[in-house]
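Asker: Chains as they are written, first to last, in the numbering used here: chain A, 11 to 247; chain B, 3 to 414.
Among the hints, a few may not be true.
Here are the computed lysine-lysine pairs in the DSS-like style, where the Cα-Cα straight-line distance is at most 27 Å [to be verified]:
id, chain 1, residue 1, chain 2, residue 2
1, B, Lys-265, B, Lys-235
2, A, Lys-173, A, Lys-89
3, A, Lys-89, B, Lys-310
4, A, Lys-173, B, Lys-310
5, B, Lys-97, B, Lys-231
6, B, Lys-310, B, Lys-97
7, A, Lys-175, B, Lys-310
8, B, Lys-371, B, Lys-53
9, B, Lys-265, B, Lys-231
Keep in mind that the hints were calculated from the coordinates and are not lab data.
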Amino acid sequence: MTDETLVAADEVTKVYDTGKLEVHALTGVTLEVRKGDFMAIVGPSGSGKTTFLNLVGALDVPTSGRLEILGDDLAALSKRRRADMRLHSLGFVFQAYNLVPVLTARENVEFVLELQGVGTERAARATEILEQLGLGELADRRPNELSGGQQQRVAVARAVASKPKVVLADEPTANLDGENAEMLLAMMGRLNAEHGITFVFSTHDPRVVAHARRVVTLVDGRVAKDEVKPNGPQKED
Amino acid sequence: MRQSISIRYAVRSLRRHTRRTILAVLGIGLGSAVCLFMIAFVRGEGRMMLKAAAESGTGHFRIVPAQWPEIRENDLRLPRWQRIRDIVRATEDGKLVAAHARKEGLLAFGTRVVGVEIVGVDATVEQRANRLVRRVTEGSYLTADVPGTTVVGRGVAERLDVGLDDPLMVTVANADGEMNSAMLRIVGIAETGSEELDATICHVNLEDVESLTGLAGAGDLTVLLDDPKRLEKAVEEIRGKLSDDYAVVTWEEIMPELASGVKVDETWTRLTVAIVMIVVFLGIMSAQLAAVLERRREFAVLSALGMKSGRLVGVMLMEGLMLGLAGSILGLAFGLPGAYYVATRGIDFSGIYGKEISMSNILFDPVFKGDFGWFLVPLAFELALSATILSSLYPAWFAIRTDPAAALRVEH
Numbered sequence: 011m012t013d014e015t016l017v018a019a020d021e022v023t024k025v026y027d028t029g030k031l032e033v034h035a036l037t038g039v040t041l042e043v044r045k046g047d048f049m050a051i052v053g054p055s056g057s058g059k060t061t062f063l064n065l066v067g068a069l070d071v072p073t074s075g076r077l078e079i080l081g082d083d084l085a086a087l088s089k090r091r092r093a094d095m096r097l098h099s100l101g102f103v104f105q106a107y108n109l110v111p112v113l114t115a116r117e118n119v120e121f122v123l124e125l126q127g128v129g130t131e132r133a134a135r136a137t138e139i140l141e142q143l144g145l146g147e148l149a150d151r152r153p154n155e156l157s158g159g160q161q162q163r164v165a166v167a168r169a170v171a172s173k174p175k176v177v178l179a180d181e182p183t184a185n186l187d188g189e190n191a192e193m194l195l196a197m198m199g200r201l202n203a204e205h206g207i208t209f210v211f212s213t214h215d216p217r218v219v220a221h222a223r224r225v226v227t228l229v230d231g232r233v234a235k236d237e238v239k240p241n242g243p244q245k246e247d
Numbered sequence: 003m004r005q006s007i008s009i010r011y012a013v014r015s016l017r018r019h020t021r022r023t024i025l026a027v028l029g030i031g032l033g034s035a036v037c038l039f040m041i042a043f044v045r046g047e048g049r050m051m052l053k054a055a056a057e058s059g060t061g062h063f064r065i066v067p068a069q070w071p072e073i074r075e076n077d078l079r080l081p082r083w084q085r086i087r088d089i090v091r092a093t094e095d096g097k098l099v100a101a102h103a104r105k106e107g108l109l110a111f112g113t114r115v116v117g118v119e120i121v122g123v124d125a126t127v128e129q130r131a132n133r134l135v136r137r138v139t140e141g142s143y144l145t146a147d148v149p150g151t152t153v154v155g156r157g158v159a160e161r162l163d164v165g166l167d168d169p170l171m172v173t174v175a176n177a178d179g180e181m182n183s184a185m186l187r188i189v190g191i192a193e194t195g196s197e198e199l200d201a202t203i204c205h206v207n208l209e210d211v212e213s214l215t216g217l218a219g220a221g222d223l224t225v226l227l228d229d230p231k232r233l234e235k236a237v238e239e240i241r242g243k244l245s246d247d248y249a250v251v252t253w254e255e256i257m258p259e260l261a262s263g264v265k266v267d268e269t270w271t272r273l274t275v276a277i278v279m280i281v282v283f284l285g286i287m288s289a290q291l292a293a294v295l296e297r298r299r300e301f302a303v304l305s306a307l308g309m310k311s312g313r314l315v316g317v318m319l320m321e322g323l324m325l326g327l328a329g330s331i332l333g334l335a336f337g338l339p340g341a342y343y344v345a346t347r348g349i350d351f352s353g354i355y356g357k358e359i360s361m362s363n364i365l366f367d368p369v370f371k372g373d374f375g376w377f378l379v380p381l382a383f384e385l386a387l388s389a390t391i392l393s394s395l396y397p398a399w400f401a402i403r404t405d406p407a408a409a410l411r412v413e414h
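Start from the sequences and build out the full structure, keeping to the hints where you can.
Answerer: Set out below in structure tokens:
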């Protein structure tokens, strides 16, 4: 972990107007995500974890407060610029894997590279990433031919293929058994340690918390606790 | 070159619901085939009508005295008509120029009298220019160097109770308003099958009309084109070569009722094609919209990964394009045999209209034939692709409105 700040939230609020009532999902979050963080955001349901992840992922904009991602004020960015930011600087891992079902594992990874404008070498790069993550033999399989754990590892490969600064993972282990969850977390830990990729997890899962080096607890849309573990990850494989 | 992932994604998305895709392609194919068939048929029918009109003495266009379009008087004559005929014959499109002089008159045999429009012709040219010549079933058509002869319609002959070689007295009012009579010998009887037409035909040599009326020369020069598509250019060229003493009138101006009939047919066809394509359009849009709704989460994920709206629209349009291409090919497969059949065999309306159809003194064949040619291929693609690409726009717009954050929240 370095002192370089990738995400800086200052009194960020998010209110959803459902027409009949307003839902205050975030009520003033002040938090920094620094380069190299391996951070878990925890908290009870409705505490604002996913909302915060959506904002940090440039999928949404705050209602008030200032949220800077990679030095840019999110509220000032157009939809197109936010899409560019997601494509080039952010990676996503979703709870339900969300691989494109009609594409193979390699093509799922390639798709992101194609969106980035990578030319003929994209297939080789996708293969290389899958092999680095131990998924080489699964490259030509479609998602329905992969187990949940394998799909989630391909999703991680897709997320890191674009060489993002931050990978945001929303409940990445929620649908995985113990062995697969450990395998996934170990893989992400390696990417963090070896490539310096910053990971931010939204999670309920104690297995993720055990691997995290920093744990931020949200309660009622605010940061209740921001804890940095003194000696790195508590659990190593 | 490796195929783009976006293209593979579009292709495989269509294959996801094979049955739905096949039904959509079938719908586009059948719709296009119906439209192709109708367009080919009406195009051929229009061409047949024009050909029939042109070959029934109307021509594709006529050179007439300058006053004729205003007063349509048969006594008007073309000044220096032979020189004008030579000028027209010297142009690219003026290969077949038939001179006519028309005059209303009475034909009499014994106590029977019939009123007709006597048409003075250049018999040599008329044999090539007028399809009525081929309908002479008794005797033969006029010969240029035999004056005092006539060819009449079967209806005229029956009403006068005459046959071949019978003498007819023809009476017309000459240029001074005095009645002038002469004897004509029947050398041919034409039987078109149309009672209306057969009751009016009376062709004589041009010289006979000149001597009967005392008016020298031809009243019009009727021009038949090899290629009717050159009508506008030919008319423009001829107009440029003539003085103000002459006017050039097209078949549409000569026979406005026929021109409007052709236009009405074309309008109905366009309307029917539009209705068929709208039905196809709505069907495809519905299928595409269903496909978008099923893939909302997928689009949200792609959007979250950084896919821009333009690219998403591109994927949707590509799916539409592929449906359209497949539909075009199917449309051609279904439509071409029908269009070919109608172009070669035609549709026989004789059961409804009788052996011949006549309208405004024009003789039509009751077997209507469609048009057939390479034009059908681009037309099939144009119809199917425009329907599918346009029908993909709304689903594409719907797809790009998918909010990635909201779509992901649904999961939770």
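Asker: All the hints need checking, so say for each whether the structure fits it.
Answerer: Going through the hints against the structure:
Between Lys-265(B) and Lys-235(B) the alpha-carbon distance is near 21 Å, which keeps this suggested pair within the 27 Å criterion. A distance of roughly 21 Å separates the Cα atoms of Lys-173(A) and Lys-89(A); the hinted pair therefore holds under the 27 Å criterion. Distance check on the hinted pair: Lys-89(A) and Lys-310(B) sit about 9 Å apart at the alpha-carbon level, within 27 Å; holds. Between Lys-173(A) and Lys-310(B) the CA atoms are separated by roughly 19 Å; this keeps the pair inside 27 Å, and the hint holds.
The hinted pair formed by Lys-97(B) and Lys-231(B) meets the criterion: a straight-line CA distance of about 15 Å does not exceed 27 Å. Taking the CA atoms of Lys-310(B) and Lys-97(B), the gap is near 63 Å; set against the 27 Å cutoff, the hint is violated. For the suggested pair Lys-175(A) and Lys-310(B), the alpha carbons sit about 20 Å apart, so the restraint of at most 27 Å is met. Distance restraint check for Lys-371(B) and Lys-53(B): the Cα-Cα separation of roughly 12 Å lies within the 27 Å cut-off, and the hinted pair is therefore satisfied.
Of the pairs offered as hints, the one joining Lys-265(B) and Lys-231(B) holds, with about 16 Å between alpha carbons and a cut-off of 27 Å not exceeded.
Checked against the numbered hints above, the structure breaks only hint 6 and satisfies the rest.
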